[in-house]
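*Asks:* Sequence:
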Amino acid sequence: SETVKLNIIPPSVNNMCVRVLLRAGGIAHEEVNVFGKTRGEEYASKCPTFATPSLESAALPGGIMVESCAILSYLCNAHGLDQYYPRDPSARAVVDSANFHHTGGFYPVFARAVYPNMGFPLYPGETQTSEASDELKAAARDQAEAEVHRLLEVIKTCFIGKGGEGFIGADSPTIADMRLAASLEFAPSLNNPIADWAKAYVARVEQALGDAYTGPASDVRGFLEYLKSQRAAT
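For the sequence shown, position 144 (counting from the first letter as 1) is numbered 147 according to the numbering used here, and the numbering increases by one without interruption.
One should not assume that every hint holds.
[As the list claims (entries may be wrong)] In silico lysine-lysine, DSSO-like type, Cα no more than 30 Å apart, as pairs: (1) Lys140 / Lys231; (2) Lys8 / Lys49; (3) Lys165 / Lys202; (4) Lys165 / Lys231; (5) Lys231 / Lys40; (6) Lys140 / Lys159; (7) Lys140 / Lys165; (8) Lys8 / Lys40; (9) Lys49 / Lys140.
Hints are computed from structural coordinates only; laboratory data are not their basis.
Input sequences plus hints: build the corresponding full structure.
*Replies:* Okay, here's the thing in structure tokens:
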């Protein structure tokens with residue numbers, strides 16, 4: 004079978020979730036670190052969005068696709084990984100709904116809360132990229148963080164089984180769990196800790212997936228430790 008290529012930036016949680024699935028699903032793959040190269044001519048010519056992760060495969064129209072949740076779904080469909088993306092329409096609807104909410108609802112707010120603390124850029128039109136005062140930028144970040152904590156309770160109620168003590172759409176981790184748990188690896192960059200149930204949820208996903216999760220997560224955690232050491236040195 005074909006060895007697919009995944010272009011990544013190792014500390015990225017958006018990249019992490021796909022890296023977890025590739026390992027958990029036993030999919031033959033090659034990871035290419037494109038840090039600092041996404042706007043270069045070689046990468047931009049095949050991925051004009053400059054985005055990571057991007058998956059390269061001869062089976063794909065154009066040979067490449069982007070967006071982590073779309074890649075997760077595609078890989079499960081292409082490789083028959085029903086344990087991570089249930090075929091039952093009702094269960095799959097929960098997984099899809101959670102991932103769409105994550106992409107369009109949770110993560111944009113989460114990014115507004117954690118990226119400023121991590122020194123990551125945000126998008127044009129955001130308060131953080133405007134000429135607003137530092138006070139307004141801080142207030143915008145604080146508002147985003149308050150919404151993150153509220154949305155986590157919504158996710159617990161609407162998507163995670165067993166009152167927040169289970170998984171999303173199944174009795175074991177699905178691609179929606181991989182996506183959410185990976186994002187929450189950035190939670191230490193919030194000003195206030197996430198709820199205990201959310202910490203336990205991430206630990207439960209990691210325990211269930213084992214090294215497939217811990218390996219990619221170590222890149223994210225190592226990066227957060229690096230940022231922490233840099234702040235301590237200033």
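*Asks:* Run every hint past the structure and note whether it holds.
*Replies:* Do the hints match the structure? See the list:
In summary, the hint linking lysine 140 to lysine 231 is supported, as the alpha carbons are separated by about 21 Å, within the 30 Å threshold. About 13 Å separates the Cα atoms of lysine 8 and lysine 49, which keeps this hinted pair within 30 Å; it holds. Under the criterion of a C-alpha separation no larger than 30 Å, the hint pairing lysine 165 with lysine 202 is consistent with the structure, at around 16 Å. Between lysine 165 and lysine 231 the alpha-carbon distance is near 35 Å, which puts this suggested pair outside the 30 Å criterion.
Taking the CA atoms of lysine 231 and lysine 40, the gap is near 25 Å; set against the 30 Å cutoff, the hint holds. With a CA separation close to 29 Å, the supplied pair lysine 140 and lysine 159 stays within the 30 Å bound. Distance check on the hinted pair: lysine 140 and lysine 165 sit about 38 Å apart at the alpha-carbon level, beyond 30 Å; violated. Simply put, lysine 8 and lysine 40 have alpha-carbon atoms about 16 Å apart, close enough for the 30 Å limit, and the pair holds.
With a CA separation close to 35 Å, the supplied pair lysine 49 and lysine 140 exceeds the 30 Å bound.
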